[in-house]
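**Student:** These protein sequence lines are chains E and C, in that order. Residues in the first sequence are numbered consecutively from -9, following the working numbering. Residues in the second sequence are numbered consecutively from -9, following the working numbering.
Check the hints yourself; a few may be wrong.
For identical chains, the list gives no copy identity; a pair is met inside one copy or between any two copies.
[Unchecked claim] Straight-line distance between alpha carbons at most 16 Å, and here's what the computed EDC-like set of lysine to aspartate or glutamate pairs gives: (1) Lys102 / Asp80; (2) Lys43 / Asp13; (3) Lys91 / Glu73; (4) Lys70 / Glu(-8).
Simulated from the structure, these hints should not be mistaken for laboratory data.
2 protein chains.
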Amino acid sequence: MEILKNRILKDAEIVSAQYLKVDTFLNNQIDPSLIEEIASEFTARFSDTSFNKILTIESSGIAPAVMTGLKLGIPVVFAKKNEPSAIIKDAYTEMVHLWTKKCDYKISVPSKFIKKGERILIIDDFLANGSVSHALISITEQGGSRVGGVGIVIEKGFQDGGKILREMGYRVESLVIIENLENKKINFRE
Amino acid sequence: MEILKNRILKDAEIVSAQYLKVDTFLNNQIDPSLIEEIASEFTARFSDTSFNKILTIESSGIAPAVMTGLKLGIPVVFAKKNEPSAIIKDAYTEMVHLWTKKCDYKISVPSKFIKKGERILIIDDFLANGSVSHALISITEQGGSRVGGVGIVIEKGFQDGGKILREMGYRVESLVIIENLENKKINFRE
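Bound conformation, chain E alone:
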């Protein structure tokens, strides 16, 4: 997705060889017109499949998920992040390890929002080691739904989350894949 690549090249900040900061247009500050382009691209890529619902996670997944949900005409559910020790009733939960912040948390979705037999589209802003995606897949499957696709805005190709998900048979559509951030340069996978 050229418009996204160009925006990343223009505005993203390489904090380290692992960490690309996109807080001026994708998270923290959001460019709604870019989000709309992202939603159009997800809609086009998944146009061969019908979904009942989008599942994402707070907070940065919400904007692309809701804009995509508008285009697909389906509701969006977001998982909430809770303390690891939180006891959450009537919900599907899963643990996530957040490498960038070196912490664990428990994500949860009220069980009433995951219905048996539905086909779910998972959307998130980043895919790195895949911890969040695996947790969202687990929650989907706990509820008897199945994952029909995983839409990712930016995949870090130098971490193995995307590779593993694809090997497991999940369809992952990443709008851009970053091959590496070596020599303080953003190198995309072609």
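Since the structure of chain E is already known, use the hints to place chain C on it.
**Tutor:** Here is chain C on its own, set in the frame of chain E:
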């Protein structure tokens, strides 16, 4: 806003005389087409003013804020919630007391996103005692911006947040105002 009132009457759950749950269409599960209607209504109500930016708070403010930002052609910034003791660098911060969860947290916005002299539109899903709105106003003003309006999806008219903000001279546009939740019934202010 009739469409919103009807949706509240149809799908909201009165948990107590203080607490109305709208998790099936506004937070947790989001109906994107309703959010688009909400954004259109905000756009119409604030059509006489130009804004540089929308400021909201994670997570439930993000969907209406981004959809409104798309229509107004302006970026959206969301404040993050942090532990009260968190030390956050290069950011404007403010404390918020969350009555529904009986806890305090510190909200923060990186200072680079609030620029001197800008006119900010604050958007949030609920207005009750006004604690979040006051914190977002404080952050705006710490950065030398000014608040040109506060757009609220659902105002609880039986709590005094809206009244106080209006008395302070802020323009508050609430799409629906709930007069009370007495006798297990949702009574709107006309």
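**Student:** Next step is simple, just say for each hint if it's right about the structure.
**Tutor:** Here's how the hints hold up against the structure:
| no. | hint | result |
| --- | --- | --- |
| 1 | Lys102 / Asp80 | within (8 Å within a copy, 40 Å between copies) |
| 2 | Lys43 / Asp13 | between (27 Å within a copy, 15 Å between copies) |
| 3 | Lys91 / Glu73 | both (14 Å within a copy, 14 Å between copies) |
| 4 | Lys70 / Glu(-8) | neither (32 Å within a copy, 30 Å between copies) |
In summary, the structure is inconsistent with hint 4 from the numbered list given earlier, while agreeing with all the others.
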